[in-house]
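**Q** Sequence:
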Amino acid sequence: MPAQPSHERLYVRLDEDPLHGPEAAMPAGSLRAFSVAAPLRAHVAHILLYREALPDGREVLERVLPDGAVRLVFNLGDAPSAGEGAGQPVEAIGASAAPALVRLRGRVEGLSVTLRPGAAAALLGMPAGEIAGTAVHLDQLWRGQGAELRERMAAAPDDASRVAVLCAMLGQRLAQADAALQPATPMAAIKAAQLIAQSGGRQSLRDVAAAVDVGERRLQQLFQQQVGLSPRTWGRLARLHACLRALRQPRLRTPGWAELALDGGFYDQSHLVNEFKALSGLTPTEFLGRAVSVSSNTAA
81 MPAQPSHERL YVRLDEDPLH GPEAAMPAGS LRAFSVAAPL RAHVAHILLY
131 REALPDGREV LERVLPDGAV RLVFNLGDAP SAGEGAGQPV EAIGASAAPA
181 LVRLRGRVEG LSVTLRPGAA AALLGMPAGE IAGTAVHLDQ LWRGQGAELR
231 ERMAAAPDDA SRVAVLCAML GQRLAQADAA LQPATPMAAI KAAQLIAQSG
281 GRQSLRDVAA AVDVGERRLQ QLFQQQVGLS PRTWGRLARL HACLRALRQP
331 RLRTPGWAEL ALDGGFYDQS HLVNEFKALS GLTPTEFLGR AVSVSSNTAA
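Just so we're aligned: the sequence shown equals residues 81 to 380 in the numbering used here.
Among the clues, some could well be false.
[Said to hold, decoys possible] Cross-link-like lysine to any residue pairs, in silico, SDA-like; alpha carbons within 25 Å at most:
| # | residue 1 | residue 2 |
| --- | --- | --- |
| 1 | K271 | H87 |
| 2 | K271 | A202 |
| 3 | K271 | Q305 |
| 4 | K271 | A178 |
| 5 | K271 | E296 |
| 6 | K271 | A117 |
| 7 | K357 | G213 |
| 8 | K357 | R121 |
| 9 | K271 | R282 |
| 10 | K271 | R253 |
| 11 | K271 | G345 |
| 12 | K357 | R328 |
| 13 | K357 | A290 |
| 14 | K271 | A338 |
| 15 | K271 | A290 |
| 16 | K357 | R312 |
Simulated from the structure, these hints should not be mistaken for laboratory data. These numbers were taken from a predicted model, which means no experiment stands behind them.
Please take these sequences and the hints and turn them into a complete structure.
**A** What follows is the structure, encoded as structure tokens:
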């Protein structure tokens, strides 16, 4: 049977947002979020299980909007593809400010773990800056334990058991983390990332550096190393996310763009459109045209 044309849909996941993507119609229960228990909560933002069976011959092109996070992805179904080197059974995906285009087909099933800023050193064994913008087979970082963990998760009797196996491994790695990879100074980068996100990208680097008591140049070095992006890029993403949150509100389905731009910390409407396009690959109007209003596509 010849392959059907790809259907594109959006995936948007914002930190602490009850709305989970994709921003398109999909079977109920395809996504399931699991709570993260202490002590992992300080290092893991969320754990998401996804499961979907696409009709034979149908391909979905999923546009994943960037959030700047480092992720661990365990593919348990037919591995998706997102270009050369991607779509591996177990991989660590570095921080990026570019949208990812993922081709899905067949049986899509797996677990995604989103790490908090600064967590890569403890859980992966290297700072986020060393894998920024790349997808690395987890076995390269975990010396073969990534594939072993995937097999144990695949053999688990149910979803909760799979997550328990995963969290046990992450907890073990956290306990065994090399102290040399966790110096006290990176805490400045973690706090700075939180401040920038909380301000919606409005706070200047000078003010952020002063708040965490580190010089601007040193903060940029630590930030690039521990987060995987520059503070400026992290701020650009924070402004994009603030704009996305506003656009997802029903009352803003036909927003006043000039007002939205000023409220979001952009210079003007043109600046908003250019940044939105650069970071998502879509204009704000194109985003609204493809997004659907959903209360939640994710089961708790």
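**Q** Are the hints correct? Go through all of them and say.
**A** To see whether the hints hold, each was checked on the structure:
Between K271 and H87, the direct Cα distance comes to roughly 40 Å. Violation of the 25 Å bound is thereby established for this hinted pair. Between K271 and A202 the alpha-carbon distance is near 17 Å, which keeps this suggested pair within the 25 Å criterion. A C-alpha spacing of about 14 Å is found between K271 and Q305, which places the hinted pair at or below 25 Å, so the restraint holds. In summary, the hint linking K271 to A178 is supported, as the alpha carbons are separated by about 23 Å, within the 25 Å threshold.
With a CA separation close to 14 Å, the supplied pair K271 and E296 stays within the 25 Å bound. About 21 Å separates the Cα atoms of K271 and A117, which keeps this hinted pair within 25 Å; it holds. Note on K357 and G213: the hinted pairing holds, with a Cα-Cα distance of about 19 Å set against a maximum of 25 Å. Between K357 and R121, the direct Cα distance comes to roughly 33 Å. Violation of the 25 Å bound is thereby established for this hinted pair.
Under the criterion of a C-alpha separation no larger than 25 Å, the hint pairing K271 with R282 is consistent with the structure, at around 15 Å. Between K271 and R253 the alpha-carbon distance is near 23 Å, which keeps this suggested pair within the 25 Å criterion. At most 25 Å may separate the alpha-carbon atoms for a hinted pair to count; K271 and G345 meet this at roughly 21 Å. Taking the CA atoms of K357 and R328, the gap is about 17 Å. The hint holds against a cut of 25 Å.
Our distance criterion of 25 Å between C-alpha atoms is broken by K357 and A290, whose separation comes to about 32 Å. For a cut-off of 25 Å, the pair hint linking K271 to A338 is broken: about 31 Å separates their Cα positions. Simply put, K271 and A290 have alpha-carbon atoms about 12 Å apart, close enough for the 25 Å limit, and the pair holds. A threshold of 25 Å between alpha carbons decides the hint, and for K357 with R312 the separation of about 17 Å falls inside it, so the pair holds.
This entry does not satisfy hints 1, 8, 13 and 14, going by the numbered hints stated previously.
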